Structures are given as C-alpha cells and as structure tokens.
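> Here is how the chains run, residue by residue.
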Amino acid sequence: MQDTIAALDHIRRTVPEIRDELGIDPIPVRAIRDPEIYEIEKEQLFKKVWLKVATAWELPNPGDYKVKELPVADASILIVRGKDGKIRAHHNVCTHRGNKVVPNKGFETYGRARANVVTCRFHGWVFGTDGPLKSVPMEEAFGHLDKSCLGLREIACDEWEGFVFINFDPNPAQSLKDYLGDFATLFGGYPYHESTTAFRYSTVLKCNWKVAHYAFSEGYHVPTIHAGSLPGFRGIEHSDFKLIGPHASSTIYGAGMEAAPSTQVFAGVLHASDAHKPHAEQLPVHINPTRRDDFQFELPNVFPNLLIHLASGCGYPGLSYFTHQFWPLDHGTTLWEGINYFRPARNAAEYAAQVHVNALHRNAWLEDTATMEDTFTGIMSGAIDDMQLMDQEFLIRHAARTLDSYLAGGTQ
Amino acid sequence: MTTADYSRLPEGFADLETLAQIWARPTENARNVVRYAATASDFAAFHETLFPRLGALLAYLGDCPAQPETAEQRNALMLACAYAEAAPHHELYGGSSEVPFSFDAHRFVADHGDVSV
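Protein chains in written order, with UniProt numbering: chain S, 1 to 412; chain V, 1 to 117.
Take the hints with a grain of salt, since some may be wrong.
As the list claims (entries may be wrong) - Footprint (simulated), chain S over chain V, 3 or more residues, beta carbon under 8 Å:
1. 32-43
2. 94-108
Stated by the list, open to error - Far from chain V, by Cβ distances over 10 Å, these chain S residues were calculated:
3. R13
4. P26
5. W57
6. V126
7. A198
8. A260
9. R362
10. D368
Since the hints were made in silico from the structure, they are not lab data.
All figures in this text were calculated on a predicted structure; none of them were measured in a lab.
Note that beta-carbon positions come from the ideal geometry of N, C-alpha and C, so glycine has one too.
Generate coordinates for the entire structure from the input sequences, incorporating the hints supplied.
Shown next, in the form of structure tokens:
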C-alpha cells in the first residue's frame, strides 16, 4: 500500500508549495465579468475538453437513452446504450433537415428506444441506437440518397468508473484516460456504481458559471454560510492539497456538526447498517491515506465544471458521494446540478433516514446558492477587479489559471 | 377535489394518525407544499409528538420493504419522510418554514420530486 501511495507523491502539495506554484496574488475577475470571454470559453474550452454528461447506471439496459441540452456547445445530445451494451453519444439531430430526433422536455430527458431504433417525428427517418440511418420513408423520391453517410453524427464518448464523458472535438487532443490522468488513479476503484439511489436537484442561477463553481470549490465558507444547517461545525480542516494537471483536489476533515436529536436517531439507522455505515476502507488508498477518523469528504475540481465529493459514508450519514456540475446557459446564466448518491435502502427505515440526510444537505445547498447571484451582481458592478484568495481557496486559483491557459489556446 | 386519506397507520401508532393526516404525502413535492405553509407552532407540535415515537416508528419501518406493500406501511413511511424533512425547521431554523439566509427553495427543482414512496 505504501508503494501505491508514494506513486502519487508528485501530485501532493504543502501550503508553502501551493503558494510557490500558484502564487498568492489576487485573481482578476475579468474572466467572470466579460461576456466576450464566455464566447471564447465556448469554443476553446467546452468544445475541446471532456465533459461528464451521464452515468452508466442511468442507462442500465440496451435502448435506454438520455437527451441532454448543452447550450454551451449549441447542442442537444443523445446518449444511448446500444444493443451491444456500449454507451454512445450523438448529436440529437436528424440528418434529413436538422430536426431533433428525440424531442426533449427541459434540460434532461430520459426514455427507452424500442427495438433499438429512434425515429424522427418530423418525417419518420429511423436511426439505429448505434448511429446508422436504417430507413427513410419514400426513399425513392429523393432520387439519390447515400444512407451510409447519413447516420447520426457521433460525438466522442468514453467512460471512467461509470461516469460518461463526451468531447465535442471531432479529433480530441487527448483520450479521456489521458485527460483525467492521475485524477483517475486518485479517485479510481471506489464502487460508485453501487450508489444508485440519487436525489438530484437543479436550478437556473443568474450568474456566470464560474461564480457558482467557485462557491462550491472551497471549505472556507462552511462555518459562516452553514451556521444554520451545520450548527457548531467544529475544527474544519481543509488540507491534503493536490494538483493534477488541469484538475486539483483536497480533503475536508473535521469533527462534524452538533447533530440535532432527530439527526442522531436517523443517523443511527444508517450507521447500524453494513451498507450505509462509514466505509473508510473503501476509499481509494490515496484519499485520506492515514485513515483519519475525522475525514469528511474529498473535494476535487474535475476541470472544467464537475466536482465529485467522495465521502464513503464518513461525512453526512450514509452519503456515499455527491456531485456538482455547472453548465453555462449564457454568460450570465448557469444551470447548477447537485446530486446526492446513496446505496439503495434495504428497508423503509433506511429510506426515511436517507430522506432526512438528503434534506439536510439540500438545505445546505440552499445556503450555498444564496450567495451566487449577489456575488455576480457585485462583480458586474465593477466595484472590484480582483478576488482575494486564501489557502483553502486554492482550487479556485488553480481553476482560474487553468482556464487562462485554455483561453490562450493551450491546455494545462 | 378531496384530499387523500393518509392517516391510517399500523397497529400501535393510532396516536400519530392526526399528524399523518396533516403531514403525510407520497412525494417530496407534495410534502414541500405542506412544509412551506407550516408555522412555527405546526413544526413544534409535529416534533413534540413524533420525536418521542420516532424510534418505534423507525423500528416498525425497519421491518418493511423500502417500497411498502400495504397502505399502512406506506402511510407510516410517508409520515416518517415528512418528519425527516420538517424536523430541521424546528430544531435548527427557529420554526421558520424557510431555511434562513438561503436561496429561494421554490427555485430548486427535484428530479425525483413527483416520485411516490
């Protein structure tokens, strides 16, 4: 185990090392404030890098699909598990005249393709879930139609640990494996697929996507913002800093909150269950490597817009992990998605206890999101030109620097 | 339109049936409607009556499948879920139906919000 831990020594940083490497100067807010930068982000970032768009367990059976609207790439995408079991992504665009093949409702729409085909409702063109154009009504009336060239337009798609990523670049500069790099090692091996009970919330925020992203990227705010939902949160320690190419991570340790009487009872149900009790031993060896018993969760930024907080039941009772994702809708509008993942309840008491923990965490998210529109208004006012960042906000500093490198046309 | 009767609880929980009629609802969205409209005294009454019985209620539910098979089981789970979501308002938020200093909860969309227990 020690050899394995040592293998990732190159990503670990002390606070002085973080300061040396990333600096301590204020970070300009121009990338948040300037609408022109958002246009560059769309082309240089969101259409170039790997983006998580689904999980494999959302699409368990052949024919299961998900339509996801991604205004940041001017795209509607169809993510579907084919008859061969493979998950693919295509533009949700009929090659006849451009209509959406699968109509959507809202930002995400789920369904199942019967007989492993999808049919455009405009003129009835039929596509296989693996992409090819299968049939065209009145095909002879087109004179000539080379169906072999008219399949759904494929988007690069790959999986890591059941998380489905896409890349809009027709020729991605890196494979998903190379893009994730040591992050995949750091977070690999946890049984994410077992935590299929998901409580997903979303909201549209009137702020730039980075304001929302950065608000969830540090633990400095916890004692202040969460004084209501995490009363008496004691001894928070934000440490174990790691830099991983475009990604970065850190660990939240702490004695936890003063649990209310009802929380103690509900937590007791989960902690008494083998399925839901804290499972520090299931954490990848590089996370909380000394197995401290005050570990709360690991907080990484998977560049550019995903956070995976891995807890393994050690933080909020029974909570396996939770994710945040931040999708720009335009320069000043963001779709935030927060998902709490639990292992399936084995009985009704466990389910009720999960509902309690989920409610506590949802309420904490309500406290988090309270700041974002005000922060954006403040930045847009021109009153400040820089963010002042302390050590625990290094994920923000690192993400801002990485963004700058992409905007300049490079990568991390 | 009549309100469904969710008050019928398993044997031994008749003392909670009035609370169940007020609070028990099958979905998170439906429970939110009740929670948003509740007063500090509503939350206090819910907590003061149910908390002493929470252990017994969860012990009963521990023998029920996660997806209940009978109306009594289902009503009991709905009541437990309603308390799970309402308790913080009494214990942490001073009886407010809102989370203090927070984002407008009505703007949060729950994907699972209309899924019944």
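> Does each hint hold? Answer for all of them.
Quick rundown of the hints versus the structure:
1. 32-43: violated (count 0)
2. 94-108: Held - the region 94-108 of chain V has 8 residues with a Cβ nearer than 8 Å to chain S, which meets the minimum of three.
3. R13: holds (33 Å)
4. P26: holds (27 Å)
5. W57: Given a closest Cβ separation of 14 Å, the condition holds.
6. V126: holds (30 Å)
7. A198: violated (8 Å)
8. A260: Its Cβ does come within 10 Å of chain V, the nearest being 4 Å, so this is violated.
9. R362: Violated, because the least Cβ-Cβ distance between S/R362 and chain V comes to about 7 Å, which does not exceed 10 Å.
10. D368: At about 8 Å from chain V, S/D368 fails to clear the 10 Å cut-off, so the statement is violated.
When each numbered hint is compared with the structure, violations occur for hints 1, 7, 8, 9 and 10.
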